[in-house]
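**Student:** So the chains spell out like this:
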Amino acid sequence: MRAYLLQRLIAIVALAFGVSVLVFLMIRLIPGDPAIALLGTNAGDAELVDRLHHQLGLDQPLVTQYLRWMGGVLRGDFGYSYGNQQSVSSLIAANFPATLQLTLAGLVLSVGIGFLLGAFAAVRRNRAADTVTMGIALTAMSIPSFWLGLLLILLFAVTLPWFDVVGGTSWKGLVLPAVTLALGTIGFNARFVRSSIIAAQVQRHVVTARAKGITRAQVFLRHVLRNALLPILTIVGIQFGQLLSGTVIVETVFSRPGIGRLLVQAILAKDYLTVQAVVLIVAILYALINFIVDLLYPIFDPRITGR
Amino acid sequence: MGMATGQAEAVTSRGGAAAPPALLTVENLQTFFRTSGGTVRAVDGVSFDLAAGASLGIVGESGSGKSVTSLSIMRLIDRPGFIAGGRILFKGRDLVELPERDVRRIRGGEISLVFQDPMAALNPVYTVGSQVVEAILAHRPIGRKQAMERAIELFRMVGIPAPEVRVNEYPHKLSGGMRQRVTIALALANEPDLLILDEPTTALDVTVQAQILDLVRDLQQRVDTAVLLITHDIGVVREVCEEVIVMYGGRVMERGSVAKLTDDPKHPYTVGLLGSMPQPGMKGRPLQAIPGAVPAPLAMPQGCPFQSRCPHMMEVCTAMPPLKDPGDGRLVACWLYEGGATP
Amino acid sequence: QADTAAVDKNAELVVGWGEPVDTLNPATTGARDVGPLDVNMFDTLVWLTPDLKITPHLAKSWTLSDDGKTYTFELRDDVTFHDGTPFDAAAVVANIDYITDKDTQSNIGLNLLGPCKSAKATGQYTVEITCAQPYAPLLAQMGEPYLGIQSPAAIKKWGKDLGLHPTGTGPFEFVSYTPNQSVVVKRNEKYQWGPAAVGHAGPPDIAKITFQIVPNAQARVAQFQSGQSQIMQETPGIFWKALSPQTSRYTSLSVPITGMGIFAPINASKWPTDDVAVRRAIMYAVDREGVIKLAEAGVYPVNNTPLVKEVFGHDPSLEDMYPFDPDKAAETLKAAGWTKPGEFWEKDGKQLTLKLTAISTVSHYPLIAQAIQGYLRKAGMNAEVEQLATPAWLAANIHGDMSLTPLQYIAVDPDALHLWFLPDQYFNWSHYTNPELTDLINKGQQETDPDKRVKIYSDAQRIIMEQAVMMPIRENIDLVMMSNKLTGVTYSGGGFEYFGAASLAK
Amino acid sequence: MSTLETAAETPQAATRSPAADPATVPARRRHPLLRALRHRSLSVGLLICTVLVLLVLAAPLLTSLDPNAQDPMATFSPPSFEHPMGADAFGRDMLARVLYGGRTTIFASLCVVVLGAVAGTTIGLVAGYFGGPVGFVIMRLVDLLLAFPGILLALAVTAILGPGLLNGVIAIAAILTPIYARMVEGATAEVRHLSYVGAAVTLGAGDLRIILRHILPNVSAGIIVLTTTWLGIAALWITALGFIGLGVQPPTPEWGAILNDGQVYITIAWWITVFPGAFLSLFVVSVNLIGDGLRDEFDPTLARH
Amino acid sequence: MTTTAEPMTSPAAREADPILEVRNLKTHFPVGGGLLSGRTQWVKAVDDVSFSIFRGETFGLVGESGCGKSTLARSIVRLETPTAGEVRFEGEDLASLSRRRLRRRRKDLQVIFQDPMSSLDPRMTVRELIAEGLDIQRDLPRPERRERVEWLVERVGLRREHLDRHPHEFSGGQRQRIGIARALALRPKFILADEPVSALDVSVQAQVLNLLSELQAEFGLTYLFIAHDLSVVEYFSDRVGVMYLGKLVEVAKAEELYADPRMPYTKALLSAIPGEGGVRGRERIVLKGEVPSPIDPPSGCPFRTRCWMAQGICAEVTPPLAEVRPDHWAACHFSDRT
Ligand SMILES: Nc1ncnc2c1ncn2[C@@H]1O[C@H](COP(=O)(O)OP(=O)(O)OP(=O)(O)O)[C@@H](O)[C@H]1O
Ligand SMILES: Nc1ncnc2c1ncn2[C@@H]1O[C@H](COP(=O)(O)OP(=O)(O)OP(=O)(O)O)[C@@H](O)[C@H]1O
Ligand SMILES: [Mg+2]
Ligand SMILES: [Mg+2]
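Chains as they are written, first to last, in the working numbering: chain Y, 1 to 307; chain R, 308 to 650; chain X, 651 to 1156; chain L, 1157 to 1461; chain B, 1462 to 1799.
To be clear, the hints were calculated from the coordinates, so they are not data collected in a lab. Incorrect hints may have been included.
Selected chain X positions facing chain L (in silico; Cβ < 8 Å) [unchecked claim]:
1) ALA857
2) ILE888
3) LYS943
4) SER1013
5) ASN1032
6) VAL1035
7) GLN1037
Cβ coordinates follow ideal geometry from the N, Cα and C atoms, glycine included.
Isolated chain Y, as found in the complex:
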């Protein structure tokens, strides 16, 4: 167990390091002078460009540059957004809570509803209810979220003003974006949960359990569901990242604040320091979530530590 934890820990630290190097290199890959790119409006000012050059340490070897940048990042200093005339960290601090709220709401929906639908379909396997549920799931997976978002706004915020169009972080403003964000993953999860349960159902030990003389419900809960949880747990981890990056579109459609929209705007505005920070933070967060999932694994499947 200790060895497993240590191994996961080393893995995530290595991953975080790799991610940071990639993200760091990203900004150096941009054609032309990064300082000019960063300054945008003020790029005409040669003095400023020079100063930024020095600030970013562009005149130094890459390793030094990286270490300086990383030093800043670790202190929470991601640089200054010239487009927004404030520090990147304050931009992120201001936008992050809304995104986290949306992502978590989306996760609750996609895992909750997806699980119920999938379990329902698995129990009714190969019957009409199964086919219908899976048809709905497939459709949900296939509808573009931005289009759905528009239709939802038209229906539930304009025609029937039940929810806020631009809700900020109130719950009335959260419902539609969360549904839009989660719909695709609900569909995916329903299918995934169904096949996980079915896969668990056909395991041989399920027959052993039935041969003990316990009830069908007990078999389903203790031996089928319990064993199906492991793949589902993995999916939850992955999905967190999917939803987190999905906010890019949903926040744009619903004019919600958040780092997704911040990212899109930063890309359009060539505000590279902000892009860099958002990408880094989301990737690290995603890695962290998967790290936590890794830590939960042994609880769900005692074989894992043995691997």
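Assemble chains R, X, L and B with the ligands onto chain Y, guided by the hints.
**Tutor:** Only chains R, X, L and B with the ligands this time, still in chain Y's reference frame:
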């Protein structure tokens, strides 16, 4: 523990010429599977009986319907399979007709089953002890703690060293032989009257197989349990059983005492099966192999399933011969022994 | 006027705001849309009425020295900033110093000061602002919110982060700003120095205003229609057409944004628009009327001269210079040696290709660009549209990496031309230099005689039009829609929505 | 980490009944593609998809209008005989825009998966077959790319390359590449240890022959399944980029960009939004149906037995 | 550790003509570890094994699962690169060959694999499968290759019309026949058969064994025959080697080994054959404990942890494989006791 008491009876009830009332009687059992290609008649009219405390082996090649027979007895056949006909009388009650609730009481209580692959048969996410406890609690109104004590007892009985520690292990930590001991402990949890072992040693090495067979033989003596041993290795049957059934294509071909069957097989299939197995001293001579291959489940011929490979194939073989005693206390299903052999 | 009984002193107003904020710091912002936010938080020395009359505000009165170089302002003595700092001459000096400090990187603010870069307190409430040369536009420009007076204490305290802590003397006090989400302000309870010209005395009626930033026009309209905001700006034309007739529910307010209207500088130093024939052909080829119809449901009036009609120096005689005439466009090109073997014009084996850039974050520019593109393509010019976010768009324009780009410029004085057509100016996005034009514009800046000044600007505009270095498109109007419950919304000259006199019925 | 889609496939494989074991079924079986056609979702998906592709390809036959031709007289015309799907804010014919837009979207999505598949498969084959330190380093790089969730990586690449359709295609292909690489590497490493590869070695086959003759054909089922799975997602992402303004630049029609154009007017002119959205959804549904069908027929875990 | 004596130096053996000589072969696999966890551990799958196989004989290899039979076999045909030791085929050290030479040489050493499904590429037809070796080696012109394939397919008991089918269309026994045909296509001198019949049903197993015998007689083949069914090995082999935990612990003529095993492990193994009790009257020896991990094998004799005869010396000295009788080699300190 109540196991020791049964010992005396076990000796008497075995092989008694007085023919005690059978514990299990399978009559013309038919278990079919509906598949996209048609109906697979996996078990097609199997009949046999088994006395309390007795031991019977079932041998046959892959796909002959051995496992389906055992699952049918446990009423564990799932869609797309179904029991299409026949009766399974257990202590006088027909398991085919019994409501699910009552079947559940019998499953794991009065009849229990040990599966072939001990790794797949145990749930990887629970400790082995708790899986045994689950089986105990399903049939006995006792507390968890007591159940666990009993599980430890059972572990000790099946020869697992340090059972107090081992109950808390997960299946993957145990070797194949240990796992098989656990599944046997699981099966014995409620002192069943009938223990079905479906290829309990196939996945194991010879030396471990010997250990397990030793254990089964030993238990058979100590506990008054009837044993139905399924295997494709006639040597294994020889170790444990008095009587044996040979199955082919979902049907019983021959039944008799192990010695009689191996020394003087009657059914052409049994002859071929034994001829295919190298015996000491056969070196340098070709084996008496059966030509051809087992027909596909959906391509089983009408009548005797062995007709296409049989050296004595006759016209009458398109009808299934009945199981009859050719006159020496065994049963053979072949027209060759049906006097005269004319249609 | 609303019934006083129904006025809700606790009213909270939600405004659907169309553009993201670069910074709330009036001195450093480069965005027109920050002007209306700042005008509610900051007071200026003078107040410009909608018809551009200069009236007292923080300055009670002012005089201009005879050489036309020194302005002396007499300030009010009863004003305090939101942070409690008293307002006085030193505060004004601190502001001018702040704007002119290179580190501040002031943008519009610095331009508005022109050559008038030094300030001196000659008494506690008297301040002198001195110009290097006579600078006629200064007084009116002092009324633009970009020269709103900030608390000197705040300037000192917040440094680079001043934009996150705007502190003025205006009718509303800053509460919070969440980028891309909202700017929230609350009533300044002590406010007694509102501009007399507005006709509302004392603190505002409205307790709190949330400017919700909704650049997505659809969301902004939906928000307004469903009652989640009581007022929205930048109403897309098609919605304006649909909503403004519903007078029983909605009030519409057109806020004319003076200056140069919506226009497109044409890059005179980059191929192929370095050829004046191409530039003229563009002028003939694009039907401005049609563009407005296509892009904005035809709700705006066309503008055909560099300066819009409200601005001093507007010259109606230039209006008919380039009628929509595709044949004339073709002739012009042919005469200049262009040929059209296929779909597009060519010269020296090179295809006539134009690059139209447009700010992606403001919905109407891409639309205007696309409409222009349609006309240009029809006339055989291979036009491409590239949508860019503001900083990238700015960079492209500064580097001359475009053929033309639709934009707006707000000004209250014809001197705006100065920034657009003089060499080395930040906004010389036509990349055009003409000594004659330079001379005229410089003269106009110093000329104090109105008649002579009109003539100068008329000549200057004629050169601009003849050389076709910009394409005027339409008047610049902020179409504001509001609920009938909201009254008293007005604007200061130049076009900055002002809520100091507004009230919201229950 | 984000092998989401591949992870999803495994459990399904286990649902196969033992009857499918061909060891006892020496009957002649038809080609998997032929068998696959009997699959209901597959045939429905293929039908819809074919119709859509034909419509889009036949655009010049179905409408004589230029998708970019503006008409001030037709702005916001609702669907009518002249404009069966109405016209947009610029008076452009929506039918023409939807059909021509489909060309862009579908073609771009295909490019994405082809690009991703070719790059990822090559990397995966090399890493999986040769293994060793080179394979290790390659796969750690792949892991690194997989550490960026989905569209975030595409956005990061777009940030470097700038907006535009081609860049969008490259960006999304960049997400797919590691996904393919991971799948192909796994499958290759597995196939490499199967005895038929050993058999080929003992017959004297060289590395290239083994990779091309034995490994590639046997991992191809996985590649096909992955490709159909991702084609739908690629279409969604391409349109998403168009929708947020990072994809095609105007006036090129593309479903995502059209949706972006139309979203402002959704309360006034629903037809600008509804038609392209419906076409897009239908396309993705059909591709997903095909993917489901192929997965059932081709699942690599089945090919192994 | 005592050096293992060269086991095949008996006069009888020297007369015979070794086609294959294995000397001190070791194949170790790294496990766990990787970059991060520091010390790599090694599975000693084959640990210092020496023996010879003579032209025309069948050498049987038995041992429990995981004892290293397959690894030894794969190392011999260089599907695995041995860690140390040498393999001489007709006197030529295979490790010394260049890649190209080795590929040419391979046609003399062919393999028949255990799993009849995974050993046939599912994407190829039977014709392509059988012809692949011929196509690679290109010793024959095309028409002759075709002829040989058609002749082979009939020789192993299939029909010509089977040639254009895919492996999944055949039963297990038929697939194994295809595998045999493929191995025969290049006219090898030596065939390594790694559990060729383990996956087959008894009746089909007999058919395949008969076929293998016929082919051996017809082509003068030499077999290295691996199986875990001890009866099959006894029936099929001339000489038998017993492996335990990566080491060869006993080698003798089949009759002699089965009649009089000298190594305790062999004794236990043979006594465990089910159903044999009656036939040979052997006393059943039930071993206690489990096979130790090949990562951390016991010191000295690998079997000592389960051996009922073990004494102090067993933990200290690894017993060499020594000739206890003419042509009977055993690795036990007490091989002279019964
Ligand atoms: N779920 C099922 N669906 C269809 N056919 C089935 C199913 N389960 C078993 N069968 C068929 O029933 C027949 C008998 O199978 P069974 O498992 O009883 O054989 P067996 O004798 O136990 O063989 P083995 O020695 O391989 O275990 C086979 O032909 C098999 O194809
Ligand atoms: N590529 C490998 N990497 C690591 N360990 C291996 C590898 N191949 C084999 N081993 C290990 O080497 C040991 C010997 O394996 P091998 O397959 O040779 O045994 P075997 O005697 O053939 O067994 P079986 O009867 O099960 O086929 C085992 O412990 C196995 O786990
Ligand atoms: Mg079975
Ligand atoms: Mg092996």
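**Student:** Was the hint right that SER1013 (chain X) lines chain L, CB cutoff 8 Å?
**Tutor:** holds (6 Å)
**Student:** Classify the hint on ASN1032 (chain X) as holds or violated, based on whether any CB of chain L lies nearer than 8 Å to its CB.
**Tutor:** Hint violated; ASN1032 (chain X) Cβ to chain L Cβ min 12 Å, cut 8 Å.
**Student:** Given GLN1037 (chain X) as an interface hint, is its Cβ closer than 8 Å to any Cβ of chain L?
**Tutor:** With a minimum Cβ separation of about 6 Å from chain L (threshold 8 Å), the hint on GLN1037 (chain X) holds.
**Student:** So, as I understand it, the hint says LYS943 (chain X) touches chain L; can you test that by seeing if any CB pair is closer than 8 Å?
**Tutor:** Result: holds, 4 Å to nearest chain L Cβ.
**Student:** Hint ILE888 (chain X) vs chain L: min CB-CB distance below 8 Å?
**Tutor:** OK, holds: ILE888 (chain X) within 8 Å of chain L, min 6 Å.
**Student:** Would the hint on ALA857 (chain X) stand, with a C-beta cut-off of 8 Å toward chain L?
**Tutor:** violated (31 Å)
**Student:** Quick one, is the VAL1035 (chain X) hint okay against chain L at 8 Å, beta carbons?
**Tutor:** holds (5 Å)
Of the numbered hints given earlier, the model fails hints 1, 5; all others are met.
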